[in-house]
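Can you make the complete structure from the sequences, with help from the hints?
Chains A and B, in that order, give the protein sequences. Mind the numbering: the first sequence is residues 1 to 114 in this note's numbering, read in order. Mind the numbering: the second sequence is residues 115 to 229 in this note's numbering, read in order.
By construction, these hints were calculated from the structure, which means they are not laboratory data. We put the beta carbon where it would ideally sit given N, CA and C, even for glycine. Treat the hints loosely; a few may be bogus.
As the list claims (entries may be wrong) - Computed list of lysine to any residue pairs in SDA-like fashion (alpha-carbon distance at most 20 Å, straight line):
hint, chain 1, residue 1, chain 2, residue 2
1, A, 70, B, 215
2, B, 125, A, 41
3, B, 171, A, 1
4, A, 3, B, 125
What the hints assert, rightly or not - Selected chain B positions facing chain A (Cβ under 10 Å, derived; list incomplete):
hint, residue
5, 169
6, 172
7, 203
8, 220
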Amino acid sequence: AQKITQTQPGMFVQEKEAVTLDCTYDTSDPSYGLFWYKQPSSGEMIFLIYQGSYDQQNATEGRYSLNFQKARKSANLVISASQLGDSAMYFCAMRGTGRRALTFGSGTRLQVQP
Amino acid sequence: DTGVSQDPRHKITKRGQNVTFRCDPISEHNRLYWYRQTLGQGPEFLTYFQNEAQLEKSRLLSDRFSAERPKGSFSTLEIQRTEQGDSAMYLCASSSRTDVRGELFFGEGSRLTVL
Numbered sequence: 001a002q003k004i005t006q007t008q009p010g011m012f013v014q015e016k017e018a019v020t021l022d023c024t025y026d027t028s029d030p031s032y033g034l035f036w037y038k039q040p041s042s043g044e045m046i047f048l049i050y051q052g053s054y055d056q057q058n059a060t061e062g063r064y065s066l067n068f069q070k071a072r073k074s075a076n077l078v079i080s081a082s083q084l085g086d087s088a089m090y091f092c093a094m095r096g097t098g099r100r101a102l103t104f105g106s107g108t109r110l111q112v113q114p
Numbered sequence: 115d116t117g118v119s120q121d122p123r124h125k126i127t128k129r130g131q132n133v134t135f136r137c138d139p140i141s142e143h144n145r146l147y148w149y150r151q152t153l154g155q156g157p158e159f160l161t162y163f164q165n166e167a168q169l170e171k172s173r174l175l176s177d178r179f180s181a182e183r184p185k186g187s188f189s190t191l192e193i194q195r196t197e198q199g200d201s202a203m204y205l206c207a208s209s210s211r212t213d214v215r216g217e218l219f220f221g222e223g224s225r226l227t228v229l
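This is how it looks when you write it as structure tokens:
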């Protein structure tokens, strides 16, 4: 079984500051992929960043980076230089070996304050 | 290129009625997924299609739920004899077989309210 845990129901950050959203996971699969999605109030899930379990380097996509610590089973999302438009729900998800569906965490609501 | 589209965006129905949602995936994507999302929770997997074949179903997909993808393009999700607990956002996603990461592209969802 796979499980994603996001322990921060809500986070506040000041505009232009960096913020880290926590994600831990549990799986017995030998290889897996980790994803972060953003869900604004419109409801659409927007893909942000991907990390493969065998990737040697932490993934980065523009202002998003993934702090991947395999031994600790954590995959935290770091957003640098927060913008007001970053206010949304953020979901961590994973897919294990041979699986097609993603397993999602319960999400973190981020509010960026001016 | 259009993204994943879902219809209707909102549906209000009375308990006991049947409802059907439609999903049109990205045209070149052969994989299609249905998820359910309740308020304050992450999406929960319901079912997965590769082309027209339904390859995986979650235990969440009770006998009242049925999904089809008859020609491997659009898909429908029908809920029979709706219950108040069915109130949720129903999300459709698609992905490409050739995408190594298997990134899912989501639609904006169909919100169901059962009175």
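Tell me, which hint numbers fail for this structure? Number 4 only.
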